[in-house]
Amino acid sequence: MRKYLARSIVTALSVAALLTLSATSAIGQGQPEPPGVNPAGGGVPMRSLERLKAKSSGPAPRTANGKPDLSGLWGPAPNFGRDISAALKAGEKLPLQPWALKLTQERLPKDDPEASCLPAGIPRMSPFPWKIIQTPQLIVFLIEGNVHTYRQIFLDGSGHPKDLDPTWYGDSRGTWQGDTLVVDTVGFNDKFWFDGLGHPHTEKLHIIERYRRLDFGHLDFEVTIDDPGAYTRPFTMYGQSPLLQNTEIMEYFCVENNQDVSHIIGKTR
Amino acid sequence: MKAKLGLLVGGMGLLVAALPALAHHAFVAQYDASKSTTLHGVVTKVEWTNPHARFYVDVKDKSGKVTNWNLELASPNALRRLGWTRDILKVSDQVSVLVAPAKDGTKMANARTVTLADGRKMVAGLAPDQQ
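Protein chains in written order, with our numbering: chain Z, 1 to 269; chain A, 1 to 131.
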């Protein structure tokens, strides 16, 4: 039995290897691909940022008032684009309510707000950098894309205003718990998708983010989603952003020349 | 045994990682990588714009008929970080472009590598997978 299993696995491995090879060679009409080109099309994940990752692994810096200094240009974390399920703990599934699962399955790529250059909301990330500007009373995220935008996180001890109008990024208030920045956000609209697969939410959405600069080059974060309108229980996702150097936030006004939407005809992503 | 299983899982991981996507729209819903081909032609226009830089290429078929293709690159911010500058492609340049054509049959395609008139080969795409 063990022998049979081992042989099956070796066979499966060979098939997987062949599939990989054929995917590489079937394209390009015999031309070798230059390094870094994804044979399935579209390039390589976040390739444009790879060489910009900071090499230093020294300790995280601190501000004059002794708090961890989160300032810097950060890269996107994997798993916060196409399918946020990938950012859950291994083996965990998104606790979607039945209507939310049905809606996710019915949504089409052409209807993704991002395809129409609308904001990503939280926690979805684009393949572009984002920048943290930190002061004792206010932390600002400058977001290069999918839309060129910002978030303000107030640390002045004030609470969320009452009667918030629903918005794409909500209202964020921050506190320090030890070396962790805890960001509490409410006041969301229900228009953005959590990811490319279209995982939905409602205006009841409440997000708690926890940011911790592990060392000079890495920012760890957790995002807890609490939306009793669309999910059966709160759930938490995990990510890590690399510090980027030798680049800056660059302009990205997506609506400038967006020709794509009418050509997005497929059902899969 | 465990090592073999690990290799198998690793192999499958490679396949999954090969699934592409773009910054703001789903690659596979718009382009068909299985029909990838190389276009040879002359640049007629360059748009250094967001969300994608684009260039247009006149491609002549065997009968002499000329078709103008609309070719999508990554966005200018990503292209700059990949080493492009906006004057790398110029009108009248002769180029060869490895493309994945649009699924809807229009003369649009996602450019993946561009071989420039001087022989340089430029990576044109950007695919977060994160997406």
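Be careful, since some hints might not be right.
List time: in silico EDC-like cross-link candidates among lysine to aspartate or glutamate, alpha-carbon distance up to 16 Å [what the hints assert, rightly or not]:
#, chain 1, residue 1, chain 2, residue 2
1, Z, Lys267, A, Asp32
2, Z, Lys267, Z, Asp69
3, A, Lys45, A, Asp104
4, Z, Lys67, Z, Glu203
5, A, Lys90, A, Glu47
6, A, Lys90, A, Asp61
7, Z, Lys267, A, Asp104
8, Z, Lys110, A, Asp104
9, Z, Lys162, Z, Glu203
Since the hints were derived computationally from the structure, they do not count as laboratory data.
The structure presented is a predicted model; accordingly, all values stated were derived computationally and were not measured.
key: Numbers of unmet hints, in rising order   = 2, 3, 4, 6
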